[in-house]
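Read off the chains here:
Protein chains: 2
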Amino acid sequence: MMTDKEETITPSDSFTDLDITKKNYGSTNLMDTLDLPTGIGQYDDFHTIDWLRDIARDRTRYRNMVQKTSEGFWQRMKKAHDAWSGWVCALLVGMGAGLLAGLIFICTTWMSDLKIGICLNAFWLNREQCCWAANDTNYEEEGDCAQWYSYSKLFGIKNSQGTGSYIVEYILYILIALFMAGLAAMLVRVFAPYACGSGIAEIKTILSGFIIHGFLGKWTLLIKSVGMILGVASGLSIGNEGPFIHVACCCGNIFSYFFPKYAKNEAKKREVLSAAAAAGVSVAFGAPIGGVIFSLEELSYYFPLKTLWRSFFCALIAAFVLRSMNPFGNDHLVMFYVNYNEPWYLQELIAFILIGTLGGLYGAFFIRVNIWWCKYRKSSNIGQYPVGEVLVITFITALVNFPNYYTRIGSSQLIRLLVNRCGPEDYHGLCDYNRNITNVNVYGGSAVSGNGVTQAIWQLVLAFLCKGILTVFTFGVKVPCGAFIPSIAIGSILGRVVGIAVEQLVLANRNSWFFANMCSTHEKCTITPGLYAIVGIAAVLGGVTRMTVSLVVVIFELTGGLLYIVPMMVAVMTSKWVGDAFGREGIYDAHIQLNGYPYLDNKEEFTHTTIASDVMRPRINEPPLHVITRDSMTLEEVECLLKDTNHSGFPVVVSKETQYLIGFVLRRDLNIAITNARKILDGISNESIVYFTSHVPPSEGVMTPTPLKLKRILDMSPITITDQSTMETVVQMFRKLGLRQTLVTHNGRLLGIITKKDVLRHIAQLENQDPESILFN
Amino acid sequence: MMTDKEETITPSDSFTDLDITKKNYGSTNLMDTLDLPTGIGQYDDFHTIDWLRDIARDRTRYRNMVQKTSEGFWQRMKKAHDAWSGWVCALLVGMGAGLLAGLIFICTTWMSDLKIGICLNAFWLNREQCCWAANDTNYEEEGDCAQWYSYSKLFGIKNSQGTGSYIVEYILYILIALFMAGLAAMLVRVFAPYACGSGIAEIKTILSGFIIHGFLGKWTLLIKSVGMILGVASGLSIGNEGPFIHVACCCGNIFSYFFPKYAKNEAKKREVLSAAAAAGVSVAFGAPIGGVIFSLEELSYYFPLKTLWRSFFCALIAAFVLRSMNPFGNDHLVMFYVNYNEPWYLQELIAFILIGTLGGLYGAFFIRVNIWWCKYRKSSNIGQYPVGEVLVITFITALVNFPNYYTRIGSSQLIRLLVNRCGPEDYHGLCDYNRNITNVNVYGGSAVSGNGVTQAIWQLVLAFLCKGILTVFTFGVKVPCGAFIPSIAIGSILGRVVGIAVEQLVLANRNSWFFANMCSTHEKCTITPGLYAIVGIAAVLGGVTRMTVSLVVVIFELTGGLLYIVPMMVAVMTSKWVGDAFGREGIYDAHIQLNGYPYLDNKEEFTHTTIASDVMRPRINEPPLHVITRDSMTLEEVECLLKDTNHSGFPVVVSKETQYLIGFVLRRDLNIAITNARKILDGISNESIVYFTSHVPPSEGVMTPTPLKLKRILDMSPITITDQSTMETVVQMFRKLGLRQTLVTHNGRLLGIITKKDVLRHIAQLENQDPESILFN
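Those sequence lines, one after another, are chains F and R. Under the working numbering, the first residue of the first sequence is numbered 383, with each subsequent residue one higher. Under the working numbering, the first residue of the second sequence is numbered 383, with each subsequent residue one higher.
Hint data in this document are derived by calculation from the structure and do not stem from the laboratory. You can take every hint at face value.
The calculated lysine-lysine pairs, modelled on BS3-like cross-linking and capped at a C-alpha distance of 30 Å, are:
(1) F:K985 / R:K688
(2) R:K646 / F:K1118
(3) R:K461 / R:K688
(4) R:K460 / F:K985
(5) F:K985 / F:K646
Coverage of chain R stretches by chain F, computed from C-beta distances (three or more under 8 Å per stretch; other residues unrestricted):
(6) 687 to 694
(7) 1099 to 1108
(8) 1128 to 1134
Heads up, incomplete: computed chain F residues facing chain R, CB under 8 Å, no partners named:
(9) L434
(10) A438
(11) R445
(12) F695
(13) V931
(14) V934
(15) V948
(16) S1099
(17) T1104
(18) M1115
(19) G1130
Virtual Cβ for every residue (Gly too), placed ideally from N, Cα, C.
Can you build the whole structure from these sequences, using the hints too?
Take a look at the structure:
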C-alpha cells in the first residue's frame, strides 16, 4: 500500500513520455483538450525526482526542437542557444562563483583584522595591505606598522610599559567578535534559515534527486555570503570552504533559471549543480581538478561524462576569476602554497602513519561528539535559542583565542605559517633554531631548536586543544560554517608538532644507523616540519570527511608536485582506516543521517539477504493495494478512491480478481483529466465507466452514460520487479536508474509497490536504526 | 526468439543467487546432489558477462565467508586475505606495470640507437648513456662521442671528406629497421596474434563486459612487450603508450589469478583491470591522476568509487616504480618535461584556436583514412600478408626517415626537442636565433630567427607530412602499435611551426598596438614556441582520441602547473568540436565499430523513439518464443527443446496459453539437473513431468513416473520490461545494470526477449549501419 503522499511519481510528465511511444494514443479527441500546466515546479517541496522520466522528458524536448529546425532562422537560433546553453551556463556559474569567492575572501580578511584594529588612512584595507600600502618595512608577522592602529593605539590607551593596553584590546576583541557572530546568527534566523551550517549534507541530498525549495535561492545566497564573512571574521572556529560549495550551487541554481533546458527539468538542473559544486571546491581550495573529482566522488549522484567535461570547464573558470582577483596577494590560487621540495625519507613514513592514526582518531572523535551534541541540541531547549548559542560559543572562543598568538591570528594565517618551512630570515617563535647561517640564500636544513620553538610548541598544543574542542561544538550552530578550515588548522598543528618532534629526535640521534641517510653532514639533516603539517592536514581532513581520491588530488594541486603524494596517500589511507573502525560515515553522511534526509547512498554496498517481498507494501495482514481496473470502475468509484487516499499514483490492473498489471496512472493526471472531462464532454456522469483500454465496447443503449477514455494518461511501462528479486538488485535499480518507485509482481500479477522511502526505511531498519527517523521534511 | 547462442545468461551462477533468496528451495533432496563445477571460466569465449549476477555472486561469497569467521584462526586469516587482496593485487599490478614499462623504455632507447651505431666498450648502453659514461664533454645532440661507434666508424668506412659514409649508414639503418620490424611481426603472427595493434579498443570492450580468452594472457604480455620494443626501435611511426595499457591490463589479469575473489568473478576482475589500465596510462605518460581519469572517462564501464581509490593507488605505485628506475635519465617521470613558466597572452588564444582547428582536422583525416585503409586491408588480400605489409611500411618509413634529422631521431627525442624552449646555450638548428646574449643565465626571450630556423622549419614540415601520412597507414598493422606517440610528435611539430611563425610575426610587428603588451622592450618579446608545441600535442591528441578531461589532466601533470591549462583547454575543445563535425567517434571507438565488438557505448545518448516491442524477438510473423511450462511438460519434451534449439536459457511460464511469466532457467542448469536426475533418481522416465513449482500434485497411481522437481534451478527474478517501454529506458537499463537480456511482457504475459546483441543490432540499424556487422568473434 502506498502510504506516503510524498512518494511515488509526481504528475505532468507522463504526457511527454507517452508522446514518445506514439502507440499509446487512445481517444485523442478528449485528451487534446487536456492542457497540463507544465513548467517549473513540477515537483513539490521535499519530493524525490524521477530521473528516468526527467531525462526522457529532456530528450523529447530536444527532439521536438530538432524537428522544428527546418522552420527557419528563429528555430535555428533556438537550437544553437540550446546547444550552447550548457557551456554558457557553466561559464556564468564559474564566473559567479569565482567572483563571489574573491569578494568573500577579501571581506573576510578585512573584517577579521577589524577585531584587532583599523587602518586609519584607508579603513578598507586589512592589516597586511595597510602596512604594505604604507610601504612600511618594519611590518612583521607579529608587529604593527605605523599606519595600522590597534584599538588601544587608536584611543590612546597605554599601559604602564607604554605599549597598548592588553585588557582594552582583549575586551574590544571579544565585543566585536560577539557583535559579528550575533549579527550573522540574526541574519540567518530572520532572512534565510537555510543559510546555516555548511550545506554540504543538503547539497548531497539535493544532488541525489531531492527537492528543497529555497535552499539554493537568492536570499540564501546573499545571507550565506554575508553570514559567512561575519562568522569567520568573528573568529569562530569555522571556515568558509564548505559554505563556498553552497554559495556556488546557489549561483548554479540562479543562473540555471536563464536556460529553460535546465530551469524546467530538475534532473538536468542537477548537471549544472554538479558543475557548480566543482567550482565551489575549486575556489575554496584553488584546485580545479580536485574540485571536479570531489564533485564526482563525494557530492554527485548522476554524473554523465559530458557533465565531467563541463564541470571541469566551470571549475577552471572559477579558479581563474578568483586568481585574477588575487585575494591572497600572491600569484597563487590558494591560501597556503608550498614552495619547497625537500626530499622525504622512507623512515619518515612511520611518523606519517602516526599522524594518519591521530588524524583518524580525531576524525572519529569529532564525528561522534559533534553528532551527539547536535542530537542533544535538537532534543533539549538549546535549539530554541540559536542566536544565544552562537553568542555563548563566540564568547568562549574569543576569550580563549585572544591570549594565544596562534589562535588569535586567523585560521588561514595560522595554516600558512605552519605549512611553510623556516627560511633563513625567520628566527623567532616557531623558527627559533640555533643555526649557523653562513649564506642567507641557502636553506640551512634542520637545526636544534631554541626556546622559542619549545614555547611555540606549548602554545600550539594549547591551540590544538582549544580548536579541537571548540570546533566540535561550533560545527552545526546556526551560522554559515564549514568544517574544512578548522580541520585543516587542527591538522596542520598536529602535523607540525609531530614534525618538530621528529626533527629534534633525528637531530639528537643523528649518528644512529636508523637516521644515517637523513643527515648528509653532521649539521645538515633535512626534515621539513612544514611537510608534516601538510600530512597532518591530509590526515585530519581524511578522518573528518572520509574523502580519499579528491583529498589527495586537492593536496597534490596545493603542493604542485608528485613528490609528496606518497606521504599524503599514506596519511589519508591510515586515517580513513582508523576512522572507519569507529564508524564508516564521514561528517557529511553523519549529518545526512542525523537530519534524516532521504539519501540513498551509492557508495555503500547493500549486503543483506532480504528480498522484495520483505520490503514491499502492503505487508501481510495489511489491506490490499489500492488499484484501478482498466474497464470496470465508474467515475464515482475512481473519485472516491482519489478522495479516500492520498497516494500520488495508482496501478491499473486488468481486474481486481486477476490483478494482472497494465500500467500506472498519476493522481494529478487523473484529477485534471476528470475535471476537464466533466467540464467539456457531454454525458459524463457518476456512472460513466472509466476505460484505460484503446477499445471501448459500443454503448448498449441510450441510457448508458458516455464512457471516459483515459488511456492516454496511462504510463504503460512502469518498472516492475518480481517478489523474489533480491533487495540487492532492487537497491541497485533504485540507485542506478534513479527510480521513485517500482511495482512488485508475481507471475504477472501485481502484488505491491516499493517506494524509495520504503527502501530507505528498510536499510535503516537493517542497520538497527529507527526507520521512522527518515523524514522527508 | 532467442536466436543467439552466445547471448543470454551463462550457467552455474543461479545457485548462489537462489541461495540468497532462501525461499526458492524446492526439492532439496534431489538438488543437493547437483554439484555444479564452478570455478574459473564460467563464461565461454566471446560471451557477454552479466554484471548484476556476478556482483551478487561476489556478495554471497563474502557473506558465506563472514559467517564462517567465528570458526577459527584459519577463517579469520582468509577473511583478512580477502579484505586485503584488492590492495595487494593493486600493489602487485602497479609494481608489475611500472617495472615492465621501465624495462621497455630502456630497451627501446637502446635498440633505437642500435640502428645508428653501437657503444663499443659497453654494448648495453644507448648513445646518450655511452657518451655520458665515457664522460665525454663533446657530446651534443647531433654529434657523436669517442665511445660511440656509428657503423661506418665501426667498419672503418669513410667517404671522401673523411667522415663516415652516409650511404653505408643509410643502408644499415634500413636493414636493421627491417630486421626489427620483421621480427616483431613474425613473433606476433606465430605466438600471440592478440598482441598486435594498440589493444585499447579491445580493452574497452573487455571492460564493458565481454570475454576474449587469451587477450590478456601471459603470451600476449610477453610478445607484446618484446614486439613493442622491436617495433618502436625499428623507427616505425608507432608508439608504445597505447600498448602499455594493454601490457598493464595483462599484468592485472595475470595477478588477479592469485586472488580467487577476482579470478573467479569476471565482474570483479574488471575492477582490477580498470586499475591496471590506470596504471598503464600512468606509466605511459607519467601522469597517475591523468591515468585514473583516463581509465574513468575513456576505458571503464563499471567503476565504483571504491575502485577509483584503488586505481589511484595502483597508478601511483606504477609511477613510482617507473620513477625509481629512472629510464629517462632525469628525475621526472615523463619523456618530456616542461621546465619553463613564461606567461602567455590573450592574443595568443587566436593561434591556439588555429592549432586546435588544425589538430581537429588532422584527427578527422586520420580516423577517416585509417578506417578506410583498415577496411581495405580486410577486404583485399593485403591482410593475408601481415609480415610483408609490415616490412613494406618499415622500408618506406626508414627510407624516408633517415635523411631528415627530425625523423631520424626517435619520436620521443623529437618531442623533447620541440616542447623545450631554446636556452641561451642552444644556438643551432631550431634555436638559431640572432640573439645578443649578454648574460648566459638569463633567458633572452624571443628573437629574430636565423637561417638555421628557416631550414629547421622546412625539415619539420617535411617530417610532419611524412609522419602524418605514414602513421595513418601504420596504425593497425600487425605489430604492437599505439597512436599516442606519433600523434604527439605530429602535434608538437604542428604546434612548434605555428609557434615560430607567431613569434616571428610578433617580432616583425612589435610596434603594432595589437602586440604591444607582448613585448616589454624592443628586443624582448616573450613568445614561447615550446608552449605552442604542447598546445599542438593537446590539439592533435584531442582530434585523434576525442579525449577531454583526461587529456587536459595528463598535460597538466606533464607541465606541472595551472598556468598553461587554459591554452590546453582551448585547443582540446576546438579540436574536439572541429573533429566532431566530421564524425563523432575517436579512433578507438572507430576501431571498435570496425571490428564489430559488442560495445554498448555509455557516453552516447540514445535519441531515438523506438519502443521495446520494435526490438524484441520474436518479431511479428516469426514463430513464438521457446518456453517451458511450469508443470505440464514431460522430460522428453524438455529434452527435445534442448536438442532442437541452441538458446542458453528459456523463460518458464504458467502455461503456453496464458504465457504468464514465472522465471527463467538456464540451458546448462537444465542439462546438468536432468543428467543428474536420470543417474540418481529412480523412476525418472521420458514421461516424467517436469515441475518448476514448489507444490507437486500427489501421484495418481503406481504407474505414474516420478515427477522431476526443478524449482531450485529456476531464477525467479528475471528483469522484465513491458512492450511499451521506450528503448531509451531499455538501453539505460542495459548500460547501468549491465544486463545480458531482459524479458518483455504485456499485462503480465510474456511476449519476447531482448538481448544485448539485439540492442546493439538495433542501434546499428538506426545509425544506418549493417546490423550484421556486429560480430561476437
